[in-house]
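From first to last, the protein sequence lines stand for chains A and B. If you count by our numbering, then the first sequence holds residues 1 to 71, one letter each, in order. If you count by our numbering, then the second sequence holds residues 72 to 574, one letter each, in order.
Calculated directly from the structure, the hints in this document are not laboratory data. Worth double-checking, as some hints may not be accurate.
[Claimed, not checked] Footprint (simulated), chain A over chain B, 3 or more residues, beta carbon under 8 Å:
| # | region |
| --- | --- |
| 1 | 110-124 |
| 2 | 249-255 |
| 3 | 310-324 |
| 4 | 374-385 |
| 5 | 403-413 |
| 6 | 478-491 |
| 7 | 512-524 |
Even for Gly, the Cβ is constructed at its ideal location relative to N, Cα and C.
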Amino acid sequence: MKSYYKILLIIVLLNVTSCTVLKEYEKVYINDELIALGPKSLERFEMNFQIYREAAAGGNGGKTGGGCGCN
Amino acid sequence: MIMKKNSLILLFSLVSTILLGQQKDSDTTYEKKVLDQVEIEFLSSYYEQDGKHGAVGGGLGSEKIQDVTPTLVVNIPIGNNGVLTVDSGISAYTSASSSNINPFYSANSSGEYDEDDDKYEDDDDKSSKGNVPNTYSGASTSGNLSGGPIGTPWYASSGASRKDVLTYVSINYSESSEDRNRIVSTNLYASNEYDYNSLGLGAGIVGLFNQKNTEFGVKAKAFFDQWKPIYPTELHEYGKYGSNFLNSGYFNNVNVLDQRGNNTSTYYPSKFKEWTSSNRNSYTASLDFSQILSKRAQILFNLDFVYQHGMLSTPYHRIYFNDVPKHYIGLSEFIPVYETNQNAGVFRLADDIERLPSSRIKIPFGTRLNIYASDVLAVRTFYRYYYDNWGVTSHTASVELPFRISDSFVFTPSARFYSQLQADYFKPYGMHSSKDTFYTSDYDLSGFTSTQFGFGVSYKDIFTQFKVLGFGLKNADFRFQHYYRSDGLNAIIYGLSLKFIQN
Chain A
1 MKSYYKILLI
11 IVLLNVTSCT
21 VLKEYEKVYI
31 NDELIALGPK
41 SLERFEMNFQ
51 IYREAAAGGN
61 GGKTGGGCGC
71 N
Chain B
72 MIMKKNSLIL
82 LFSLVSTILL
92 GQQKDSDTTY
102 EKKVLDQVEI
112 EFLSSYYEQD
122 GKHGAVGGGL
132 GSEKIQDVTP
142 TLVVNIPIGN
152 NGVLTVDSGI
162 SAYTSASSSN
172 INPFYSANSS
182 GEYDEDDDKY
192 EDDDDKSSKG
202 NVPNTYSGAS
212 TSGNLSGGPI
222 GTPWYASSGA
232 SRKDVLTYVS
242 INYSESSEDR
252 NRIVSTNLYA
262 SNEYDYNSLG
272 LGAGIVGLFN
282 QKNTEFGVKA
292 KAFFDQWKPI
302 YPTELHEYGK
312 YGSNFLNSGY
322 FNNVNVLDQR
332 GNNTSTYYPS
342 KFKEWTSSNR
352 NSYTASLDFS
362 QILSKRAQIL
372 FNLDFVYQHG
382 MLSTPYHRIY
392 FNDVPKHYIG
402 LSEFIPVYET
412 NQNAGVFRLA
422 DDIERLPSSR
432 IKIPFGTRLN
442 IYASDVLAVR
452 TFYRYYYDNW
462 GVTSHTASVE
472 LPFRISDSFV
482 FTPSARFYSQ
492 LQADYFKPYG
502 MHSSKDTFYT
512 SDYDLSGFTS
522 TQFGFGVSYK
532 DIFTQFKVLG
542 FGLKNADFRF
552 QHYYRSDGLN
562 AIIYGLSLKF
572 IQN
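Full structure from sequences and hints, please.
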């Protein structure tokens with residue numbers, strides 16, 4: 001099990017270190033909201049009903065508690 | 072009372088933070104601010120669903136819901152480094168399923184029912200006039216038609232529980248370091264429904280490394296919720312009057328029918344007990360890691376650990392056992408078609424309510440990979456694996472393809488796929504045994520797949536030419552989504568947001 005975590009850690013570190021380090025002026029595309037890593041504010045309503053209609057919640061920056069979700 | 076107190080605390084926090092922030096403003100005005108102007112965003116959605124597995128009917132009956140959610144989000148710059156966000160709104164809904172907490176109505180009033188003063192019981196009066204289904208008019212005079220109450224899980228009742236309003240406010244304050252490599256945030260949340268209150272708080276820290284190409288975030292949240300339990304009418308009466316309940320209160324002079332449609336006095340839901348503790352607490356720890364992969368791609372990993380404790384069941388979800396006799400109120404001729412939507416006049420009496428364990432651990436792991444495929448097309452992907460200790464595992468995958476039509480407009484088609492294994496405690500309508508400890512017939516906890524397709528249209532005006540009261544329109548977004556669940560539930564949702572900035 002421990003070796004599994006070591007391998008995972010190595011993969012993550014390799015991934016991080018192998019990436020190009022961009023300067024601020026090179027982040028024209030990265031800073032574009034089209035590929036922003038968070039959900040759009042309007043998606044909150046969809047994420048809410050999905051939490052109610054499905055057993056899974058979380059892992060997406062959305063709500064993980066509060067409210068009964070009982071309807 | 073608790074809500075009023077919480078509201079006062081939140082209001083005081085808001086006002087004092089704004090005042091402190093304004094003092095800071097006057098001292099330092101030369102550094103680049105995290106947020107330059109006040110932003111106001113109006114959001115709203117309309118949601119509608121229908122299905123045939125209402126949880127209030129024990130996994131059977133209408134699931135019709137309409138929900139409208141006007142929302143206001145205000146972002147206020149505090150000094151150079153801080154942003155205060157006040158997010159408030161309501162969710163006003165009508166629900167056919169929860170209307171059937173009391174499903175019974177009658178064409179002939181027979182007097183008083185309940186001396187309680189809660190709004191659900193007021194409408195439990197046998198004289199309440201429901202939206203009598205059209206099919207009812209041709210019914211025969213068997214069962215309880217001669218003045219007695221009737222009901223059906225396939226239609227909404229007129230009880231007050233058919234609608235409710237959730238009101239909430241969330242206040243978040245975030246502060247960035249001077250070099251913008253650290254962001255700390257705190258959050259307060261409060262919400263109120265007729266039978267449910269929630270109070271939440273949270274804090275988080277984000278660190279940016281590697282010339283802001285790498286980001287780590289840690290967050291913790293806690294919600295302290297409180298039920299005001301409401302039980303199905305027949306169980307409420309049993310809880311209130313005990314062994315003589317069939318001759319008391321609501322049941323006084325009401326005929327209870329057996330499976331053959333004959334009058335009986337054998338209905339006795341002995342497994343039902345009212346909840347003695349109605350708290351529900353949720354604690355969440357979140358880890359975020361994101362990395363810029365290239366000039367056009369970035370990735371995010373998110374791991375949550377959620378622990379919930381307390382009353383995790385819903386107190387008005389009925390349960391019907393397969394090893395006890397069936398009992399009904401209403402018109403006996405509809406008993407043979409009880410499980411179909413031809414049933415316009417009989418309702419089966421519950422054997423118990425949903426019982427679920429008092430703790431639950433949820434571990435979702437999500438990842439997003441977003442790529443700028445060309446100058447006009449981006450690809451946004453999301454995958455999540457979810458595990459919990461109730462036996463549910465699920466997979467979620469979604470993709471969005473934002474396509475830039477012009478400098479101002481973006482069109483975004485999207486698709487989402489979801490599958491889950493059922494919870495250990497789920498069985499369909501009438502399949503649970505009275506010997507079980509835990510049981511639910513809520514299809515949200517069943518095994519199913521679902522698909523969601525839709526699109527969004529975004530408008531952006533960097534010059535904010537359209538102005539209202541000194542604020543210019545920065546963004547307008549519209550989204551439409553259609554959701555289909557393999558158990559037959561269908562839903563649609565429309566959303567609209569307008570974001571203004573102070574000029």
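*May I ask which of the numbered hints given earlier this structure violates, with the numbers listed in increasing order?*
2, 3, 5
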